[in-house]
Amino acid sequence: MTRLHVKYAILTCAIFLPLFWSFVYVRNVYPITTWNVMLGGALLERGRSYWILRGETVSGDTVDIPAIKLTNALYSRNWTMVNATVGNRAFQITNLHPANAELLRQAGGLENLPPGARLPDLLRAWGDIYNDRLPGTSPQRLKAIRLDMYRWEGGRYADYDNFIQSWRQDL
Amino acid sequence: MAPGFIEAIVNRVVPASAFALGVSRVVVHGIFLVSVLLTSFSALGRLPVTIMRPTGAMKLLPWSFYDQLLTPAGITVLQIVMVLSLLLSTLGLFTVVSTKLTFLLVLFYQGLLRSFGHFNHDEMLGVYCLAVLAFTPCGDEFSLDQKLRKIKKARPAFAYAYAILLMQLLMAWVYFSSVLVKLRTTGLAYLSPDNLPSLAIFHSLDNLHDTSFRLAFWLPHVTSYLPYAVGLVLLWEIVFPLAVFCHRLRWWILTAGIVFHLSTLFFMNIFFPHQLALYLLFIDWDRLRMWSQGTTPNTSL
Chain A
1 MTRLHVKYAI LTCAIFLPLF WSFVYVRNVY PITTWNVMLG GALLERGRSY WILRGETVSG
61 DTVDIPAIKL TNALYSRNWT MVNATVGNRA FQITNLHPAN AELLRQAGGL ENLPPGARLP
121 DLLRAWGDIY NDRLPGTSPQ RLKAIRLDMY RWEGGRYADY DNFIQSWRQD L
Chain B
172 MAPGFIEAIV NRVVPASAFA LGVSRVVVHG IFLVSVLLTS FSALGRLPVT IMRPTGAMKL
232 LPWSFYDQLL TPAGITVLQI VMVLSLLLST LGLFTVVSTK LTFLLVLFYQ GLLRSFGHFN
292 HDEMLGVYCL AVLAFTPCGD EFSLDQKLRK IKKARPAFAY AYAILLMQLL MAWVYFSSVL
352 VKLRTTGLAY LSPDNLPSLA IFHSLDNLHD TSFRLAFWLP HVTSYLPYAV GLVLLWEIVF
412 PLAVFCHRLR WWILTAGIVF HLSTLFFMNI FFPHQLALYL LFIDWDRLRM WSQGTTPNTS
472 L
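Chains as they are written, first to last, in my numbering: chain A, 1 to 171; chain B, 172 to 472.
For the record, the hints were derived by calculation from the structure and aren't laboratory data. One or more of the hints may lead you astray.
Derived Cβ-Cβ restraints for the label pairs, each shown as a range [claimed, not checked]:
{"no.": "1", "chain 1": "A", "residue 1": "134", "chain 2": "B", "residue 2": "228", "range": "30 to 40 Å"}
{"no.": "2", "chain 1": "A", "residue 1": "5", "chain 2": "B", "residue 2": "236", "range": "35 to 45 Å"}
{"no.": "3", "chain 1": "A", "residue 1": "115", "chain 2": "B", "residue 2": "267", "range": "45 to 55 Å"}
To give an idea of the chain A side of the interface with chain B (calculated C-beta under 10 Å), a few residues [as the list claims (entries may be wrong)]:
{"no.": "4", "residue": "5"}
{"no.": "5", "residue": "14"}
{"no.": "6", "residue": "17"}
{"no.": "7", "residue": "45"}
{"no.": "8", "residue": "51"}
{"no.": "9", "residue": "79"}
{"no.": "10", "residue": "81"}
{"no.": "11", "residue": "82"}
{"no.": "12", "residue": "112"}
{"no.": "13", "residue": "118"}
{"no.": "14", "residue": "119"}
{"no.": "15", "residue": "121"}
The model shown is predicted, which means the values in this text are computed figures rather than measured ones. No residue lacks a Cβ here, since even glycine has one placed at the ideal position from N, Cα and C.
Chain A on its own, in the form it takes in the complex (with noise of 0.2 Å):
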């Protein structure tokens, strides 16, 4: 067995093994991948909220705002960002962001913490890209940004926007 044959099966093992770990626990830990991707469950009883991004601009319109088309580097990921910052689940890792340990104690416990504690920072941030990429005296700017959350209920297929709160965030 020569020096290539043994450095490619290192390879191999290395690769294939954690894949394989990965893929019997039906677990992902970064880099280690389990390709669980498109799972069922999505049964029609089962209700699921989701939201749309809106801005108020200056000259009064409301307009609805693609979140790609600010954040394209989360690509794929911009709705489980808003889903996980409106469950608060940056307040629910072991290793807290500092000033995240410091909101909850101030708060008084995850249980006192209102629901998307950092969605405010979270809209300003876009909304702050958003006008960012216009003209100082555009009248597409943002006043305010918000996110509206809907519901659709399930049993059905209707219904699907079930209005249920929104978060406003002036610019």
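The hints should help you fit chain B onto chain A, whose structure is shown.
What follows is chain B alone, placed relative to chain A:
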């Protein structure tokens, strides 16, 4: 099994050369180069670090590092280093070093993105292919290193063929393991008539997905046919490994893959462009070169 026998099998399954592996390097690294060039890093750098949830190995880095990185200066440095490294590795300059550096940078960058959203899988196959290329002689041909070198490196064909086979096997694993996970976790309920429409409609309701196609809302009209369509997809995923070993079936399987990924885009607003682009790894680049030069290939597809 004797190494010589394995070599013979590998060389038979993937009749590849240094040239073919060099083209594969350009494909994989080029995909990430284009992706990075099209990305607004400045916008990424403005996201609040407080919404991050470092995932997996990304937890090893301290918050102070992320605080520094997610600033206009920090993210610009990352972008410049990534573009330079990807340029070098795509062109094949200082390949031994640049492919490893690119692998590490892309690995970090993809982990960073997954720390904001969820663990999506589109780019992961590409990351694993970068790992393969980082430790194989992918700069021996079709590279600037080759142009600058006086003496051609002599290695057995196996050194190149195995690397390409490994990347093709990774692609096969993606689909094959995916169908097994689906069946393990949901069983035959995956074939429920309402599974696909409810999933597709959910992904078509917001404006946070990358596209806003509305074809999902047509699916409830044809629910009785959907279990068969979903069953066909599962069957296609099961037989995908044949694309590696059976050249005659390869193009049927890959064509079905293109149709599948375009369908998920139009019906579910979910798209895997990086993974789809990696289908180029299944092209027999040696045969294509011989064909372009007007010579007859001695292998059959």
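Going through the hints against the structure:
1. For the pair residue 134 of chain A and residue 228 of chain B, the supplied restraint of 30 to 40 Å holds, since their beta-carbon distance comes to about 39 Å.
2. Taken as a hint, the range 35 to 45 Å holds for the pair residue 5 of chain A and residue 236 of chain B, whose Cβ atoms sit roughly 39 Å apart.
3. Range check, residue 115 of chain A to residue 267 of chain B: Cβ separation about 51 Å, and the 45 to 55 Å hint holds.
4. Look at residue 5 of chain A: its Cβ gets to within about 5 Å of chain B, closer than 10 Å, so that hint holds up.
5. Interface restraint check: residue 14 of chain A against chain B, minimum CB-CB distance 8 Å, threshold 10 Å, status holds.
6. With a cut of 10 Å, the hint placing residue 17 of chain A at the interface with chain B is violated, because the nearest CB-to-CB distance is about 12 Å.
7. Evaluation of the residue 45 of chain A hint against chain B yields a held restraint, the C-beta minimum of about 9 Å falling below 10 Å.
8. A distance limit of 10 Å between C-beta atoms decides the matter here; for residue 51 of chain A the minimum to chain B is near 5 Å, and the interface restraint holds.
9. Interface restraint check: residue 79 of chain A against chain B, minimum CB-CB distance 4 Å, threshold 10 Å, status holds.
10. The criterion of a C-beta within 10 Å of any C-beta in chain B is met by residue 81 of chain A, whose closest approach is roughly 4 Å, and the hint holds.
11. With a least beta-carbon distance of about 6 Å to chain B, the hint placing residue 82 of chain A at the interface is held under the 10 Å criterion.
12. Proximity of residue 112 of chain A to chain B is violated relative to the hint, the smallest CB-CB distance being about 17 Å (cut-off 10 Å).
13. Using the Cβ-Cβ criterion of 10 Å, the hint placing residue 118 of chain A at the interface with chain B is satisfied: the shortest such distance is roughly 5 Å.
14. Checking residue 119 of chain A against chain B by beta carbon gives a least distance of about 8 Å; that is within 10 Å, so the hint holds.
15. Annotation: interface hint on residue 121 of chain A holds; nearest CB of chain B at approximately 4 Å, less than 10 Å.
Going down the numbered hints, you'll see the structure goes against 6, 12, while the others check out.
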